[in-house]
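Q: If you want the building blocks of each chain, they are given just below.
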Amino acid sequence: MRTIQGKFHRESQSKAEDLEHRRMMNHALNQSEIAFQNGKQQFQNLDKAKEDAQSVKEKATIHLDRYLLEFEDRFTKNGGKVIWARDGKEALEAVWKICAEKKAKKIVKSKSMVTEEIHLNAFLQKKDIEVIETDLGEYIQQLSEEPPYHIVAPSIHKSKEEVAQLFHEKLGVRPHLGPEELTMVARRQLRTEFQEADIGITGVNFLLSDIGGVAITENEGNARMVTAFPNTHIAITGIEKVLPSAKDLELFWPLLATHGSGQKVTVYNSIFTGPKHRNETDGPEDMYVILLDNGRTNILSDPEMRESLHCIRCGACLNVCPVYKNIGGHTYNTVYGGPIGSVITPHLSGMKEYGHLSHASSLCGACTEVCPVKINLHELLLKNRRKSVEQKNTFRLEKFSWYIWKRSMLSRRMLNTANGNTKERMFRYLFKKSWGENRAIPTFPKKSFNEQWKERNSKIEK
Amino acid sequence: MNQLHAKENIIEKIKQGLNRSGKNDSSHEVGLQSIYFNVNDLESVDQFITENSLLGVQVYRCKNDNEFIEAFRNVSKSKAWKSVVCVNPGLKKRLGSPIIYDRGAMYSMDAVITECEYFVARTGTVVMSSAQPSGRVLPVYSPVHVIVGHENQMVNSISEALEDIKRQYLKEYPSALYFLTGVSSTGDIEKTLVKGVHGPKEVYIFLIED
Ligand code: SF4
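Quick mapping for you: the protein sequence lines, in order, are chains A and B. Under my numbering, read the first sequence as residues 622 to 1083, first letter to last. Under my numbering, read the second sequence as residues 14 to 223, first letter to last.
There's no promise every hint is true.
When the alpha-carbon atoms are kept at most 25 Å apart in a straight line, the in silico DSS-like pairs for lysine-lysine are as follows [unchecked claim]: (1) K791(A) / K106(B); (2) K95(B) / K214(B); (3) K723(A) / K710(A); (4) K1004(A) / K28(B); (5) K671(A) / K702(A); (6) K723(A) / K748(A); (7) K781(A) / K204(B); (8) K105(B) / K90(B); (9) K184(B) / K702(A); (10) K973(A) / K1004(A); (11) K973(A) / K26(B); (12) K92(B) / K710(A); (13) K1004(A) / K26(B); (14) K1008(A) / K26(B); (15) K92(B) / K208(B); (16) K702(A) / K95(B); (17) K184(B) / K208(B).
Please keep in mind that the hints were generated in silico from the structure rather than gathered at the bench. Just so you know, these numbers come straight off a predicted model, no measurement behind them.
Pulled out of the complex, with its shape left as it was, chain A reads as follows (with noise of 0.2 Å):
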């Protein structure tokens, strides 16, 4: 097996049975969902407010030629620049020549999924530039050599151990520091950077194209510093960014904030418009804006898959797929991990590379159910199956149905919260195929067998 679909199953079997890693992701994914629980008390009609978000995005996406263009002049009209990108490699290039024209030595970062999209830190070392990350997940997992483990928390399944021992081999520093002490490390280091770096480079939460502006969305203020103290600010982003309003801000912030971090808002929100203008204190002098395609249109054409580009990558569906959970973040081999990577990914980047990856999941269908902006995440992947089917790209698609079936039915939680009927649809989706049309498909009953057992206990008890 040397395919990437070979590996996938490979490494996904010993992350699943990796009892230290199931610790780790238990614990941070059970804490995103308190959090998740908490975050979403400050909506009185959470569906609602979803729908509505998933309105605007539909209409930002069903017009994206004219909101992007109203983005560029307005922009422009700011004083910013905008310059287009077929394709990683053009995005790259762009990237380059403003280096080169301001003779630039070193970057510091803000964290950006777009930018591990298209390669850009192992891009600009090779052309002896000093890249550094600031985000402090970013900045832990470029320490020790790894893309994100995940679109929101990049070092999610990393202890705290890890990290101590990490900085004390890449750092010099005391070993077995805590979170709180390592955190202060990250601090002082980064700070001669921000001040020493000669660009800044963002990514984009939010185009707003009424205004000519990009939102940034963070907790720790390294955005902020990376759009401050460098004389030029690059932001990059995936041109299905849009929205039509900075009004729309209004819902969309607090709504990847629930979803990303369960806060009602996040501590920073920035909004740019442009470089500082001349009455103003401080700021870059020049500030570009990347708007990338990169496979984004072929996804626009589809008419099935189109709404996946109103993620907004808050990371929900991450946290609670069963499937992300056992295998982790890098198993996928993917820039975008989890549900939504599993659907944009063979459409970015190659059915038959990636098609496997819509097998990657127990249908269970708690993504859609999550997703702030009501993407069918669940049917999308379906879809995605149906189209790796056509391709003929089934190759061992039944031993790893039958091994995501087992992973889930393990998984005590998702036993009991799936009543038969789920369990049914499920087994149904997975075996289609390969279960035949002459055998009957078995039933499930109602209550799993340990919530069986446990009301008979009870009831004999009593």
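Dock chain B with the ligand against chain A, hints included.
A: Chain B with the ligand alone, transformed into the frame defined by chain A:
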């Protein structure tokens, strides 16, 4: 040249991909924010204070300017601040105490004191902008951020704040707008909450009644 191609190309692909031929979009007009969020019967100032206490931010309510100056001196004394940077000329004059310095002291400052654009009651948010003399660097670089403002700067929502800023700056937005809610924090190491990662570890707000 290449750039022009890229732009035309992307726009063309979007148009073709959407294949809109007369189809109306299914999106509906979205309503007012009040329907999304839970409301309570707190006055907006009380709501603002309550939110901030949940966020670990102390809000001092002062009747007038004199009361504010006295309260500020008390806090700075109890915190043993030796240098507080202030770059708002009016504010600097009002404070006039020996610990107030200008921007030059920023690399050794204990705190910065700034004014703000608005307060947002529902979320306990402080709105600032790059058009204020404090700019971009000072408020985030300082280990402690002290904010002073008047109760009439209180608005109910984010979009209200955006509207007001637009009016105030005659339709040209400052290059940076900040919505600050609580204290710089991270949960990146085992989801343990640690305060003061890159931005201020402590925030104090003085709210003057008139
Ligand atoms: S698909 Fe939905 S839940 Fe998943 S990251 Fe995107 S917005 Fe969040």
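Q: With reference to the structure, classify each hint as holding or not holding.
A: To see whether the hints hold, each was checked on the structure:
Proposed proximity of K791(A) and K106(B) is contradicted: the alpha carbons are some 47 Å apart, above 25 Å. Under the criterion of a C-alpha separation no larger than 25 Å, the hint pairing K95(B) with K214(B) is consistent with the structure, at around 17 Å. For the proposed pair K723(A) and K710(A), the alpha carbon gap of about 20 Å is at most 25 Å, so the pair holds. Among the hinted pairs, K1004(A) with K28(B) is consistent with the structure: their alpha-carbon atoms are about 24 Å apart, no more than 25 Å.
Our distance criterion of 25 Å between C-alpha atoms is broken by K671(A) and K702(A), whose separation comes to about 33 Å. Restraint check for K723(A) and K748(A): satisfied, since their Cα atoms lie roughly 14 Å apart, inside the 25 Å limit. Using a Cα cut-off of 25 Å, the hinted pair K781(A) and K204(B) holds, with the two alpha carbons roughly 10 Å apart. Taken as a hint, the K105(B) and K90(B) pair is honoured in the structure, with Cα atoms around 17 Å apart against an allowance of 25 Å.
Taking the CA atoms of K184(B) and K702(A), the gap is near 20 Å; set against the 25 Å cutoff, the hint holds. About 15 Å separates the Cα atoms of K973(A) and K1004(A), which keeps this hinted pair within 25 Å; it holds. With a CA separation close to 23 Å, the supplied pair K973(A) and K26(B) stays within the 25 Å bound. For the given pair, K92(B) sits about 52 Å from K710(A) by alpha-carbon distance, which is inconsistent with the 25 Å threshold.
Annotation: proposed proximity of K1004(A) to K26(B) holds, straight-line Cα distance about 23 Å (limit 25 Å). Distance check on the hinted pair: K1008(A) and K26(B) sit about 22 Å apart at the alpha-carbon level, within 25 Å; holds. With a CA separation close to 18 Å, the supplied pair K92(B) and K208(B) stays within the 25 Å bound. Using a Cα cut-off of 25 Å, the hinted pair K702(A) and K95(B) is violated, with the two alpha carbons roughly 43 Å apart.
Only pairs whose Cα atoms come within 25 Å are accepted, and K184(B) paired with K208(B) is rejected, the gap being roughly 36 Å.
Comparing the model with each earlier hint shows violations of hints 1, 5, 12, 16, 17; every other hint is respected.
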